[in-house]
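K.L.:
The chain contents come next:
There are 2 protein chains.
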Amino acid sequence: MPTKSEQTRALIIETAMRLFQERGYDRTTMRAIAQEAGVSVGNAYYYFAGKEHLIQGFYDRIAAEHQEAVRGILAEETDLEARLAGVLKAWLDIAAPYHEFAVQFFKNAADPDSPLSPFSPESEHARVEAISVHKEVLRGAKTKVAEELRDVLPELMWLAQMGLVLYWIFDRTEGRERSYRLAERGARLTARGVSLARFRVLRPLVHEVHELFTDFLPGMTKALPDPAARKEAPASDGRP
Amino acid sequence: MPTKSEQTRALIIETAMRLFQERGYDRTTMRAIAQEAGVSVGNAYYYFAGKEHLIQGFYDRIAAEHQEAVRGILAEETDLEARLAGVLKAWLDIAAPYHEFAVQFFKNAADPDSPLSPFSPESEHARVEAISVHKEVLRGAKTKVAEELRDVLPELMWLAQMGLVLYWIFDRTEGRERSYRLAERGARLTARGVSLARFRVLRPLVHEVHELFTDFLPGMTKALPDPAARKEAPASDGRP
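These protein sequences, in sequence, are chains A and B. Reminder that position 165 of the first sequence reads as 165 in our numbering, one-by-one numbering, no gaps. Reminder that position 22 of the second sequence reads as 22 in our numbering, one-by-one numbering, no gaps.
It should be emphasised that the hints constitute simulated quantities derived from the structure, not laboratory data. These numbers were taken from a predicted model, which means no experiment stands behind them. There could be a bad hint or two in this list.
When chains are identical, the list treats them as one kind, so a pair holds in a single copy or across two.
What the hints assert, rightly or not - Calculated pairs, SDA-like style, for lysine to any residue (alpha carbon to alpha carbon, straight line, at most 25 Å): (1) K107 to Y59; (2) K51 to E124; (3) K4 to T143; (4) K89 to E211; (5) K51 to R172; (6) K144 to D111; (7) K89 to D113; (8) K89 to E208; (9) K51 to A75; (10) K142 to R23; (11) K135 to N43; (12) K89 to D215; (13) K107 to E208; (14) K107 to L92; (15) K89 to R18; (16) K89 to H125; (17) K51 to A82; (18) K142 to R203; (19) K135 to A64; (20) K135 to E124; (21) K89 to L212; (22) K89 to L205; (23) K135 to H125; (24) K142 to F170.
Chain A extracted, bound-state conformation (with noise of 0.2 Å):
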């Protein structure tokens, strides 16, 4: 049984998702949001601080859902393309609702630098736990992995994931039907690129791949400046 206080929380959640759809991102206020959910505005406050933070929430929320979804095929499954590929059109399926939304909202979540970015250090939740969902594809599996990149491969695989996302925005076709193809094709890929991994002469193209990503993905890393420490004035609207 929820708590009232988590009950609040999803009432909010929900009701920011819909004013987001209906309105856009831009001009969904935490006013809007709090009265359309019967709340106060300080209430409102009290479980978000922010637009951003419910947008946090949202990630949060999709993020456990999928892993509800995927129990199953984990469970039973124990081939790795065809988990890999469970599990991907799973988090399609879950996503399905949200894709109009998706669209509009996607130049706020483009940039590595922003808090909505799913590379940020405020979505860490949301990411640890999508590559904690990886991490069960590959130890479920009757694969055999290298000890050495056990912790890397989930990573880049939930790195292909986010590939499968930016297609799925974009994607026009009928119930998205070129995205669920290319979560086959892209499962049946990493499967290859897992067993290959296990060749000893291309391990360190691996970690090499990894190290690239996360030196230059912000938030997945603390090893680079972070440039948003030393972002330039805004061009307008520059008022103290």
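Assemble chain B onto chain A, guided by the hints.
P.N.:
Then chain B, alone, in the frame of chain A:
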């Protein structure tokens, strides 16, 4: 010596790019471009059928400038990593004045079904030119490349370059310093990948990666139905 016609063409592109930067792509009309360039609207339309075609002209010009800029390094350098790093960094140099424009233009070009996307059929000319640079990078390098990969690898290298472009668009560091570092790291990784691709066991994977991209990126293939042909009606302003 450029002909009068070439000069007018260049002047229109120049003017368009300036107005796009000043007013934004969406808010700039062909009429305004013609006026600013001091040509008649009919004349402007004689050279370019619309704004999209101006962008194609711009892509073509960037590609031509890039080919010019890399001539030296491609003639002298034989190390694959150095050739590729030189080519990528030359692109960053040439694109530097257009960074601000690229940031705001991105939302138009990110949709792979848009004629403005680098993957569209409309962008084919600029794309073929850009891929030909990568063919030259490979051809003149001392690294041996299997015959069967000679057409496939340059397209994958160009795709990796598109990844760099995406990163550059969102790069807010001083002088796009991180993009230059990514160019170097990407070149190193690619050179390593190309040299590993000599192993027979890996070649099917390279082909599969290439096939995945060409099958799923519109304009790069005729194998899949063109989703633009069955685009839904626009949501607003649906007047006949």
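K.L.:
All the hints need checking, so say for each whether the structure fits it.
P.N.:
We went through each hint and held it up to the structure:
no.	hint	in the structure
1	K107 to Y59	both (16 Å within a copy, 22 Å between copies)
2	K51 to E124	within (17 Å within a copy, 40 Å between copies)
3	K4 to T143	neither (45 Å within a copy, 65 Å between copies)
4	K89 to E211	between (28 Å within a copy, 21 Å between copies)
5	K51 to R172	between (28 Å within a copy, 23 Å between copies)
6	K144 to D111	neither (36 Å within a copy, 38 Å between copies)
7	K89 to D113	between (28 Å within a copy, 22 Å between copies)
8	K89 to E208	between (28 Å within a copy, 20 Å between copies)
9	K51 to A75	neither (36 Å within a copy, 53 Å between copies)
10	K142 to R23	neither (47 Å within a copy, 57 Å between copies)
11	K135 to N43	neither (37 Å within a copy, 60 Å between copies)
12	K89 to D215	between (29 Å within a copy, 19 Å between copies)
13	K107 to E208	neither (29 Å within a copy, 31 Å between copies)
14	K107 to L92	both (20 Å within a copy, 23 Å between copies)
15	K89 to R18	within (24 Å within a copy, 44 Å between copies)
16	K89 to H125	within (22 Å within a copy, 35 Å between copies)
17	K51 to A82	neither (37 Å within a copy, 45 Å between copies)
18	K142 to R203	both (19 Å within a copy, 24 Å between copies)
19	K135 to A64	within (15 Å within a copy, 46 Å between copies)
20	K135 to E124	within (16 Å within a copy, 40 Å between copies)
21	K89 to L212	between (27 Å within a copy, 17 Å between copies)
22	K89 to L205	between (28 Å within a copy, 22 Å between copies)
23	K135 to H125	within (15 Å within a copy, 42 Å between copies)
24	K142 to F170	neither (34 Å within a copy, 40 Å between copies)
This entry does not satisfy hints 3, 6, 9, 10, 11, 13, 17, 24, going by the numbered hints stated previously.
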